[in-house]
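Participant: Sequence:
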Amino acid sequence: MGGAEIHQTRSRMAHEAGRDDNKNGRRVITARPEETAQGKHVVIVTDSEAQTVREKILTALREGTHFKLEAGAGAGKTSSLIEALQSILADRDRYLLRRDQRVACVTYTNVARDEIISRTDGNPSIFADTIHGFLWQLLSPFPKYLLRYVVEIDAMQAKLEGRTSLDGYTVDYSIGYRRVDHDKLHVQLAHDDLPALACKFFALPKFRALTADRFPIVFVDEYQDTPAGLAEAMLGTPGAETTLRGPLYGFFGDHWQQIYDKACGSIDAPSVKLIVRRRNRRSQRAVVNLLNTMRPELEQTTNPGAGEGSIAIYHTNDWAGTRLTHHRKGQIGWEAAHAARSWALEDARRRLWNTETPDGLDGAGTAAPSTKILMLTHETIAGELGYQRLHQAFRRNDSYVKKEDHVIAFFLDVLEPALLHHRNKRYGKMFDVLGHRSLLTSPADKHAWASLLQELERTREDGTVGDVLDLCLNQQLFDGLGKVRERHRKSVPLANTELQAESDDKAKARAKEYEALRAVPYSQLLALHDHLGGGTPFATQHGVKGQEFDRVLAVVSKGHNRFQIPEMLANFSRRHELKGKEWEAFVRARNLFYVACSRAKEHLALLFTTKIDPSALNTLREWVGDSRIISLQFDGDSVISGEREVNDTGSPVRE
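The opening position of the sequence shown corresponds to residue 1 in the working numbering, with each subsequent residue numbered one higher.
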C-alpha cells in the first residue's frame, strides 16, 4: 500500500483515561487507577452470568486481547454483544481515544444490523452493517489496489479475457452478478468477491493499521458464518513482527450453528481468548437436556423456574410400502409421509402440548400459531402444500422461493398484492402497485379495468400460470412488465431464432424452465404465495436459524445430499474416528440437526420419514430414553397407531 494512503493514518492520541501500550503485540487499553488494585484489574464477581460475561469482555478489551464468546443456542449471544456495546458507549473515552473513531459491529443480515442500530439508539459511535457493507466500507477507498487484486481472483478470470491488468478501469460493488465491461472500462464486483479481496488486503499490516485507526474495536456477530479464511486474515499472521497494530476483535457465535458452505466454523487462534456463556434462556428442561446430551462439551443450564417441556420422537421404520429411490432413497411415499406428519403432530398436541388446535391436521393452517413444522427441503414443503409442479419447474430448488425469476417476482410482488388491494377496495394502492399508465378519465376506462380485473380473478381460479401471464402481457392498462416481457421474448417459442443463434445451453435451459412454469396451475403459485407470506406453519430447517418457537415438529427426511441426518446419528458413537470428507459430512448434518432441535422453547417433536438403521435408533435411545420413541404403525399409507418402545413392564405400548 502506497505512501499516500499511509499518511492518511492518524497517530493515536493518549487520553487521560487510558493509554496505548505494547503487550504481546496487542493494543492495550489500561483501566482507570481507581479500578486497579496492586496493578491488577479488579473483576467484580456476581451471580449473574450476563454480568460476568460482560466484565470478561470489557477486561479483554482493556487488556488489548481478542476474544471469542462461544454460546450455545438460546444463550443470549446477541444480548451480550448489545450489553458490551452499551458499556462501551457509557464509557466511550476509555475505549475510543478519538471522537471520530467508532466500534464496528458486523452482522450477516439486514434484520440483525437494524436490531443492533435500534438497541443502541442509532448512536454515531457504532458502525453496524452487514459483513459485505463493512468490507466495502474498508476497501472502496483503494480502487487502484482493488483492481490490482481483482485480476488474481479465480472467479474473475473468465471475465478478464486474458488481461493481466485493469489499469484505468473503475470499480464498484453490487449484490448482482460480477461483470467486466471492457468497452466502458468498468468492473462490477459480486457478493462473493469482497471476502476474497478483503483477505488480500488484511494480509497487509498497513491496511490493518488503517482499519484500526477508524475502528479500534470490531465485533463480529455469528462469527461462525464468516467466509472461510476471512477471520484469520483479519487477525493477521500469527507471530508476524510489526509495529503496526490492527483492531481488537470480538467474535460472538457458536460453531455448532455453522450450516452454510464456505464458512469458517470455529475460530481457535491462540491470540483469541475464549469466553463461554452457558445459560439457555430460551428452552425448557427437556429440550436443554437433549442439547446437552448431544453436546456435553458445552453443557447449558436452564433459566430458574424453567418448565419441564417435552421431547417426542416418531419413526416410520414399520411402513411396508415401496420406499423412494435416487436422492430420496429410503424415504416413505408422499401420501404416507403426509399422513405421518399429521398423525405425529396431532399425537404430540393431544398428549404433550396441551394446545387447542382441533384434530384432523390436514392443512397448512391447522397448527397453532406458535407451532413450527420444519422440513429439510423446499421440495418437501411443496409436497405438503400442493405446489410440487411449481417446484419441479425450476432447476435450482430455491430460486423460485427467493423470487429470482422475474415472472415469479411479478406475480408475488406485484399482481397478487394489487388484486388484494382491489378486493379490499383500496384502488389507489392497487394503481400504485401496478404502475398504471393513466388515471381513469372516462366510463370506457373504468369498464376496461373492471373487465381485466374480473378476467384475472376468474383465470386465477382454474387457469395456468401461462394463462394469467398472457392476460397481463396482452393488456395495455399498466406497466411494470419490462423484465417479464424480456423473459417471454427470449423463451417463447423454443425455436426462437435469436436463441438458436446464441447456442447457449444456459439460455436454452432457462427457456425450458419458462415453458414448464407456464404449464403449472396458477393455484400452485397461490399456495406458494400463502406460504411465503407466513400463512403456513412450514419452514425449512435452514430458514429458521436465529428464530424460536413455542413448539417445533422437525421432520427428518431425505432429499438434500449435503445433510444426511440419519447417517450422522448412526455415526455419532464413532464420531471421534471420522476423518476427512466423512467428518465434514458428519459436522454439516450434526449442525443442522442441532439448529432444528434448538428452535423449540417448550416442546420438541422429531419425525423421521426415512428409514433409520439400528445404530441411529440406538443414538436416539441414549439421548431421550426408550419411552419417548414411537414407531408409527400403518395400514397402507394411513397411520393407525403409534407404538412406544417399552413401558414400565418392558412391554411395547400402543398409542
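Hints were generated in silico from the structure; no laboratory data involved. Accuracy of the hints is not assured; some may be wrong.
[Said to hold, decoys possible] In silico lysine to any residue, SDA-like type, Cα no more than 20 angstroms apart, as pairs:
#, residue 1, residue 2
1, 611, 318
2, 512, 389
3, 262, 586
4, 506, 586
5, 144, 94
6, 403, 213
7, 403, 574
8, 425, 406
9, 611, 640
10, 446, 476
11, 184, 174
12, 508, 518
13, 506, 155
14, 506, 392
15, 56, 99
16, 403, 301
17, 402, 564
18, 611, 579
19, 403, 56
20, 56, 94
21, 579, 559
22, 403, 318
23, 490, 446
[Stated by the list, open to error] Taking CB as the label site, the calculated pair distances span:
#, residue 1, residue 2, range
24, 118, 479, 18 to 24 angstroms
25, 643, 118, 48 to 54 angstroms
26, 486, 170, 24 to 30 angstroms
27, 403, 93, 44 to 50 angstroms
28, 562, 163, 45 to 51 angstroms
As the structure is a prediction and not an experimental result, all values here were calculated from the model. Built from N, CA and C at the ideal position, the CB exists for glycine as well.
Participant: Just pull the numbers of the violated hints for me, sorted ascending.
Facilitator: Hints 4, 5, 6, 7, 8, 15, 16, 17, 18, 19, 21, 22, 23, 24, 28 contradicted; others consistent.
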